[in-house]
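Enquirer: Produce the complete structure using the sequences and hints provided.
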Amino acid sequence: MRHHDHSPEAILAAALPSSRYAQRLLDSEPARKTALLENLHSPFHRKEMQDHLELRFVQIADEESLNTVLRDLRKQVILRLAIRDISGQADLTEVMTCMTDLAEVTINCALKFHEMWLTQPHRFGSPRGENSHSVQHLLVVAMGKLGGGELNVSSDVDLIFVYPEDGETDGAKSISNHEFFARLGRKLIASLNDFTADGYVFRVDMRLRPHGENSPLAISFPMLEEYFIKQGREWERHAWIKGRVIAGGIDSESILMEQIVRPFVFRKYLDFNAYESMRRLHAQLRKEVERRELHDNIKLGPGGIREIEFITQVFQLIRGGRDVDLCIRPTLGVLQRLQKKQQLPKQAVSELIEAYCFLRKLEHRLQYLDDQQTQTLPLNPEDQQRIASAMGFSGYERFMEQLDKHRSDVTRHFELIFATPRKSPSHDMLAYLWQAEAHDTSQTEAAATQLSTMGFTEPEKISERIRSFYQDNAYQHLAESSQQQIITLIPMLIEAASEHPPVDITLERMLQLLEKISTQSSYLALLLEHPHTLQRVAGIASISQWASDYLGRHPILLDELLRQAEPHPVPDWKVLNNELIYQLNHVNNPKNDVIEWQMDVLRHFQHAQVFRLLVTDLEGSLQLETLSDHLTALADLVLDNVLNLAWSGLKKRHRENPAFAVIGYGKLGGKELGYASDLDMVFLYDDDHPDAAEIYTKLGQSINAWLTRHTSAGLLYETDLRLRPNGASGLLVSSMEAFAQYQHQQAWVWEHQALTRARFVVGDPHVGDVFEQTRKEILCKQRNLTGLKQEILKMREKMLEAHPNPTALFDIKHDRGGIIDVEFIVQYLVLGYSNQYPELTGNIGNIALLKLAGELGLIEKITAEKARSAYREFRRIQHRQRLNGEADMAGSAPVDSQAQKFTRVEDSPLKEDRKAVLALWKEVFGTNALY
Numbered sequence: 000m001r002h003h004d005h006s007p008e009a010i011l012a013a014a015l016p017s018s019r020y021a022q023r024l025l026d027s028e029p030a031r032k033t034a035l036l037e038n039l040h041s042p043f044h045r046k047e048m049q050d051h052l053e054l055r056f057v058q059i060a061d062e063e064s065l066n067t068v069l070r071d072l073r074k075q076v077i078l079r080l081a082i083r084d085i086s087g088q089a090d091l092t093e094v095m096t097c098m099t100d101l102a103e104v105t106i107n108c109a110l111k112f113h114e115m116w117l118t119q120p121h122r123f124g125s126p127r128g129e130n131s132h133s134v135q136h137l138l139v140v141a142m143g144k145l146g147g148g149e150l151n152v153s154s155d156v157d158l159i160f161v162y163p164e165d166g167e168t169d170g171a172k173s174i175s176n177h178e179f180f181a182r183l184g185r186k187l188i189a190s191l192n193d194f195t196a197d198g199y200v201f202r203v204d205m206r207l208r209p210h211g212e213n214s215p216l217a218i219s220f221p222m223l224e225e226y227f228i229k230q231g232r233e234w235e236r237h238a239w240i241k242g243r244v245i246a247g248g249i250d251s252e253s254i255l256m257e258q259i260v261r262p263f264v265f266r267k268y269l270d271f272n273a274y275e276s277m278r279r280l281h282a283q284l285r286k287e288v289e290r291r292e293l294h295d296n297i298k299l300g301p302g303g304i305r306e307i308e309f310i311t312q313v314f315q316l317i318r319g320g321r322d323v324d325l326c327i328r329p330t331l332g333v334l335q336r337l338q339k340k341q342q343l344p345k346q347a348v349s350e351l352i353e354a355y356c357f358l359r360k361l362e363h364r365l366q367y368l369d370d371q372q373t374q375t376l377p378l379n380p381e382d383q384q385r386i387a388s389a390m391g392f393s394g395y396e397r398f399m400e401q402l403d404k405h406r407s408d409v410t411r412h413f414e415l416i417f418a419t420p421r422k423s424p425s426h427d428m429l430a431y432l433w434q435a436e437a438h439d440t441s442q443t444e445a446a447a448t449q450l451s452t453m454g455f456t457e458p459e460k461i462s463e464r465i466r467s468f469y470q471d472n473a474y475q476h477l478a479e480s481s482q483q484q485i486i487t488l489i490p491m492l493i494e495a496a497s498e499h500p501p502v503d504i505t506l507e508r509m510l511q512l513l514e515k516i517s518t519q520s521s522y523l524a525l526l527l528e529h530p531h532t533l534q535r536v537a538g539i540a541s542i543s544q545w546a547s548d549y550l551g552r553h554p555i556l557l558d559e560l561l562r563q564a565e566p567h568p569v570p571d572w573k574v575l576n577n578e579l580i581y582q583l584n585h586v587n588n589p590k591n592d593v594i595e596w597q598m599d600v601l602r603h604f605q606h607a608q609v610f611r612l613l614v615t616d617l618e619g620s621l622q623l624e625t626l627s628d629h630l631t632a633l634a635d636l637v638l639d640n641v642l643n644l645a646w647s648g649l650k651k652r653h654r655e656n657p658a659f660a661v662i663g664y665g666k667l668g669g670k671e672l673g674y675a676s677d678l679d680m681v682f683l684y685d686d687d688h689p690d691a692a693e694i695y696t697k698l699g700q701s702i703n704a705w706l707t708r709h710t711s712a713g714l715l716y717e718t719d720l721r722l723r724p725n726g727a728s729g730l731l732v733s734s735m736e737a738f739a740q741y742q743h744q745q746a747w748v749w750e751h752q753a754l755t756r757a758r759f760v761v762g763d764p765h766v767g768d769v770f771e772q773t774r775k776e777i778l779c780k781q782r783n784l785t786g787l788k789q790e791i792l793k794m795r796e797k798m799l800e801a802h803p804n805p806t807a808l809f810d811i812k813h814d815r816g817g818i819i820d821v822e823f824i825v826q827y828l829v830l831g832y833s834n835q836y837p838e839l840t841g842n843i844g845n846i847a848l849l850k851l852a853g854e855l856g857l858i859e860k861i862t863a864e865k866a867r868s869a870y871r872e873f874r875r876i877q878h879r880q881r882l883n884g885e886a887d888m889a890g891s892a893p894v895d896s897q898a899q900k901f902t903r904v905e906d907s908p909l910k911e912d913r914k915a916v917l918a919l920w921k922e923v924f925g926t927n928a929l930y
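Residues in the sequence shown are numbered from 0 upward in steps of one, following numbering that gives the first Met the number 0.
One thing to keep in mind: the hints can contain errors.
Stated by the list, open to error - Think about it this way: if two alpha-carbon atoms lie no more than 25 Å apart in a straight line, the pair counts; the simulated BS3-like pairs of lysine-lysine are:
1. Lys590 with Lys650
2. Lys921 with Lys850
3. Lys650 with Lys697
4. Lys812 with Lys797
5. Lys590 with Lys267
6. Lys172 with Lys186
7. Lys860 with Lys788
8. Lys666 with Lys788
9. Lys865 with Lys910
10. Lys865 with Lys812
11. Lys914 with Lys865
12. Lys850 with Lys860
13. Lys914 with Lys812
14. Lys812 with Lys788
15. Lys74 with Lys186
16. Lys32 with Lys46
17. Lys921 with Lys788
18. Lys404 with Lys360
19. Lys360 with Lys74
20. Lys666 with Lys865
21. Lys697 with Lys590
22. Lys111 with Lys186
23. Lys74 with Lys111
24. Lys339 with Lys267
25. Lys850 with Lys780
26. Lys860 with Lys914
27. Lys111 with Lys46
28. Lys921 with Lys793
29. Lys298 with Lys286
30. Lys298 with Lys360
31. Lys850 with Lys775
32. Lys345 with Lys298
33. Lys797 with Lys914
34. Lys914 with Lys788
Said to hold, decoys possible - Restraint ranges, calculated between C-beta atoms of paired labels, are given here:
35. Lys111 with Ile352: 31 to 39 Å
36. Glu854 with Asp768: 21 to 29 Å
37. Leu415 with Lys286: 17 to 25 Å
38. Arg182 with Asp295: 39 to 47 Å
39. Thr456 with His294: 53 to 61 Å
40. Lys286 with Asp197: 34 to 42 Å
Because the hints were derived from the structure by calculation, they are not lab data. Built from N, CA and C at the ideal position, the CB exists for glycine as well.
Expert: Laid out in structure tokens, this is it:
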């Protein structure tokens with residue numbers, strides 16, 4: 000409702016018909032009108048409420064006077080807020096914030112006085128912990144809309160009373176802490192809830208506490224924790240999402256919310272079982288609505304406020320343990336974040352926000368009528384017109400049209416999100432096939448026939464495989480609910496595999512994946528709730544054993560397949576790095592064991608980025624060189640963050656930023672990383688502080704620990720630090736001066752070969768520049784070409800002996816004419832000719848260096864081009880072979896890089912490529928022999 004005359008008197012006159020409560024209050028206490036008109040254009044802020052109470056503290060001598068002061072403040076606040084809201088001066092945020100502030104200010108004031116009175120030495124004294132002996136304070140936990148900071152204007156307040164430790168009070172009348180806090184809680188409730196001549200402050204509802212209204216009024220931390228672990232119910236997880244300490248000790252609050260509440264509410268994994276539990280909760284609500292005929296209730300009825308809250312809460316319960324960005328309480332804030340994270344479409348969020356604001360605004364207008372806690376539409380025409388007018392409509396019919404539209408939108412989105420996935424027509428028949436006894440030949444034949452029809456070439460073998468799956472101990476020991484999930488899933492797996500040849504292999508890989516995730520019912524629920532994901536899993540499994548195994552090791556990545564059906568866009572590493580930094584330093588980070596939590600954040604981030612690249616790669620959208628560039632950019636990004644985290648975690652630091660650099664060697668240095676590559680690194684520093692060696696050694700150890708430690712989220716990277724001066728027996732970290740001295744005077748030729756692929760990765764750019772200058776000096780040294788050739792040929796012979804190939808197949812990496820031959824050729828050219836052509840020291844990769852050597856006339860251009868083509872093909876085949884593993888229907892493929900180090904193929908298709916490399920070898924070294 001808006002009025003053209005903006006004078007306070009006109010605003011008041013226009014708004015009053017919409018609130019009988021305000022009218023009655025002004026009629027009975029006309030003196031309030033002056034203050035109301037003076038301040039009507041200003042919101043009632045928290046500080047004004049606190050000032051109002053503090054001015055009257057001298058009047059507070061006992062409970063009666065305390066209650067009078069609190070009720071007086073409520074009248075002041077509600078009166079101004081109602082008129083501002085009805086007249087359109089206050090938006091929804093102001094209304095919710097004002098009511099929340101009123102509740103918090105009055106609760107804290109009442110608690111302060113009652114605690115002061117009860118703890119007087121001649122009475123009970125202060126409660127002390129039996130272990131800590133420190134003074135204990137009552138923590139008041141706000142639940143529901145007060146917890147969410149979105150209290151309505153005539154709401155009750157849902158509270159839970161908690162205290163840290165049992166023990167006894169230290170006053171003249173010593174009692175147990177349990178009894179003391181129960182007394183304090185009863186006093187607090189009475190000051191808020193009791194209806195006196197001055198009215199009340201807030202109705203108080205304590206029924207959300209453990210065991211409900213028949214349980215102790217206040218509960219200790221250990222009791223609450225034990226309750227959550229042993230008896231906490233699913234609906235209580237929903238309720239505690241909004242839980243927020245609004246009064247009590249800050250130190251204790253952190254322990255309560257971080258160590259007790261958060262693990263109960265938010266699982267460490269993605270909890271897709273939340274869908275089914277929310278469906279059950281909603282079904283109970285619907286029954287209650289039917290029983291009590293609450294269809295016109297805009298909170299509990301169809302398309303009401305509660306359904307919007309359910310939508311936000313299901314995403315919070317699923318993802319809050321992994322994404323602290325969703326561990327917030329306000330409904331509107333969660334909706335906005337769900338849109339930003341692409342969990343809900345923009346239009347859905349827009350419609351839900353509009354509906355929520357409309358329904359909350361309507362709720363407040365229903366309550367302004369008589370200061371009653373109601374969410375039910377009025378039946379009498381006069382009140383219907385009042386509501387329509389207060390909502391800005393000319394008539395009740397037009398108002399109802401808009402209300403019905405919003406409720407219809409909410410119902411539609413709710414049903415889309417919570418709809419039970421449909422089964423295919425053949426699902427139940429497939430599910431039944433393997434439930435029969437093995438000797439039932441008719442069922443066995445039926446299974447085989449069905450599988451043949453779906454394109455499987457060995458139906459009997461598959462049928463037996465599925466039967467053995469059900470008979471395996473691992474399945475037999477699963478919870479009944481998980482077994483039921485698997486019984487439902489297997490026919491869906493079969494149907495998905497049947498569309499992705501080779502279907503028999505695809506199904507076997509999917510069954511292996513199912514075996515790995517079978518103990519984690521949340522991921523079974525993910526596949527059941529989002530059956531289209533199975534199609535994408537089948538597509539991946541049909542192409543790559545390695546990818547399927549990667550999913551099995553990190554099933555949380557199944558969530559990545561929900562995000563978008565198209566290939567992932569090219570990663571924007573700057574944007575992704577900002578997102579990672581935001582998550583690592585999030586305000587909602589757990590305050591205890593933050594390092595473990597940050598390690599998991601890094602691992603989840605790295606696994607997700609690898610998997611996104613993997614999916615795009617398998618869909619044929621990435622060149623191998625581009626993929627390696629992205630995997631290297633990811634490693635660089637992770638190392639940058641790890642360096643910063645490790646440095647900030649050191650207790651002894653003598654400067655703001657470390658004069659330290661991470662130098663990449665091997666595939667990291669050459670920007671040729673694969674999915675399972677380890678990181679070859681050397682740590683250098685340039686700092687003359689007397690404790691520099693000790694400090695940077697600890698930094699290097701910390702970096703390595705951040706990368707290699709196994710956490711619940713897995714591993715970040717394997718590392719290899721043996722390329723440092725003096726190898727594994729040398730110092731972990733070297734000064735720049737010592738590194739340069741070693742390279743100039745002690746390093747072997749093979750170490751200079753390794754230096755050709757080295758680069759500054761992250762750290763202090765100055766140290767990076769000094770390293771690059773040293774590297775160029777070493778590579779540009781004048782060398783005896785004959786002696787250099789002999790050293791390199793000897794090293795090549797050693798490597799060949801270390802990797803014998805007893806088969807008739809061609810080992811793409813280690814055999815003559817393979818990848819290592821190309822790398823040795825390039826390294827020889829760089830070491831032999833950089834003194835004449837410094838451009839050869841550029842870190843541009845083997846393919847580009849071969850081209851450059853051809854252009855410089857060091858090798859024939861045509862030979863260089865053929866070798867470049869061969870090298871590219873070798874890497875492509877090596878990449879594909881490793882992706883696909885060596886699995887068959889009988890067993891699983893190796894998944895780690897160590898087991899996949901030999902890539903051996905038929906020689907004939909690569910004969911020309913191999914000849915091209917050997918021809919270049921002969922051109923460069925004058926012989927195809929190694930000695």
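Enquirer: So, for every hint listed, does it hold in this structure?
Expert: Here is what the structure says about each hint:
1. For the hint linking Lys590 to Lys650, the alpha-carbon distance of about 18 Å falls within 25 Å, and the restraint holds.
2. Distance check on the hinted pair: Lys921 and Lys850 sit about 18 Å apart at the alpha-carbon level, within 25 Å; holds.
3. Taking the CA atoms of Lys650 and Lys697, the gap is near 10 Å; set against the 25 Å cutoff, the hint holds.
4. Of the supplied pair hints, the one linking Lys812 and Lys797 holds, its CA atoms being roughly 15 Å apart against a limit of 25 Å.
5. Among the hinted pairs, Lys590 with Lys267 is consistent with the structure: their alpha-carbon atoms are about 15 Å apart, no more than 25 Å.
6. Under the criterion of a C-alpha separation no larger than 25 Å, the hint pairing Lys172 with Lys186 is consistent with the structure, at around 18 Å.
7. Simply put, Lys860 and Lys788 have alpha-carbon atoms about 21 Å apart, close enough for the 25 Å limit, and the pair holds.
8. About 24 Å separates the Cα atoms of Lys666 and Lys788, which keeps this hinted pair within 25 Å; it holds.
9. This hinted pair checks out: Lys865 and Lys910 have alpha carbons roughly 12 Å apart, not beyond 25 Å.
10. A C-alpha spacing of about 17 Å is found between Lys865 and Lys812, which places the hinted pair at or below 25 Å, so the restraint holds.
11. Using a Cα cut-off of 25 Å, the hinted pair Lys914 and Lys865 holds, with the two alpha carbons roughly 9 Å apart.
12. Annotation: proposed proximity of Lys850 to Lys860 holds, straight-line Cα distance about 7 Å (limit 25 Å).
13. At roughly 15 Å between alpha-carbon atoms, Lys914 and Lys812 fall within 25 Å of each other, so this suggested pair holds.
14. Distance check on the hinted pair: Lys812 and Lys788 sit about 21 Å apart at the alpha-carbon level, within 25 Å; holds.
15. Of the supplied pair hints, the one linking Lys74 and Lys186 holds, its CA atoms being roughly 21 Å apart against a limit of 25 Å.
16. About 21 Å separates the Cα atoms of Lys32 and Lys46, which keeps this hinted pair within 25 Å; it holds.
17. Between Lys921 and Lys788 the alpha-carbon distance is near 12 Å, which keeps this suggested pair within the 25 Å criterion.
18. In summary, the hint linking Lys404 to Lys360 is supported, as the alpha carbons are separated by about 15 Å, within the 25 Å threshold.
19. For the hint linking Lys360 to Lys74, the alpha-carbon distance of about 20 Å falls within 25 Å, and the restraint holds.
20. The suggested pairing of Lys666 with Lys865 holds, with an alpha-carbon distance near 23 Å, which does not exceed 25 Å.
21. At most 25 Å may separate the alpha-carbon atoms for a hinted pair to count; Lys697 and Lys590 meet this at roughly 24 Å.
22. Distance hint between Lys111 and Lys186 is fulfilled; the C-alpha atoms sit about 11 Å from each other, no more than 25 Å.
23. Of the supplied pair hints, the one linking Lys74 and Lys111 holds, its CA atoms being roughly 21 Å apart against a limit of 25 Å.
24. With a C-alpha separation of about 22 Å, the suggested pairing of Lys339 with Lys267 holds against the 25 Å cut-off.
25. Distance hint between Lys850 and Lys780 is fulfilled; the C-alpha atoms sit about 22 Å from each other, no more than 25 Å.
26. For a cut-off of 25 Å, the pair hint linking Lys860 to Lys914 stands: about 16 Å separates their Cα positions.
27. For the proposed pair Lys111 and Lys46, the alpha carbon gap of about 17 Å is at most 25 Å, so the pair holds.
28. With a CA separation close to 16 Å, the supplied pair Lys921 and Lys793 stays within the 25 Å bound.
29. Distance restraint check for Lys298 and Lys286: the Cα-Cα separation of roughly 15 Å lies within the 25 Å cut-off, and the hinted pair is therefore satisfied.
30. For a cut-off of 25 Å, the pair hint linking Lys298 to Lys360 stands: about 12 Å separates their Cα positions.
31. Distance check on the hinted pair: Lys850 and Lys775 sit about 20 Å apart at the alpha-carbon level, within 25 Å; holds.
32. Taking the CA atoms of Lys345 and Lys298, the gap is near 24 Å; set against the 25 Å cutoff, the hint holds.
33. Of the pairs offered as hints, the one joining Lys797 and Lys914 holds, with about 22 Å between alpha carbons and a cut-off of 25 Å not exceeded.
34. For the proposed pair Lys914 and Lys788, the alpha carbon gap of about 21 Å is at most 25 Å, so the pair holds.
35. Range check, Lys111 to Ile352: Cβ separation about 37 Å, and the 31 to 39 Å hint holds.
36. Checked against the hint of 21 to 29 Å, the C-beta distance between Glu854 and Asp768 comes to roughly 28 Å, which is consistent with it.
37. Taking 17 to 25 Å as the suggested C-beta distance range, the pair Leu415 and Lys286 conforms, at roughly 22 Å.
38. For Arg182 paired with Asp295, a C-beta distance near 42 Å keeps the hint of 39 to 47 Å intact.
39. Separated by about 57 Å at the C-beta atoms, Thr456 and His294 satisfy the suggested range of 53 to 61 Å.
40. Here the CB-CB span from Lys286 to Asp197 is close to 40 Å, well matched to the stated 34 to 42 Å.
Consistency note: the structure conflicts with none of the earlier hints.
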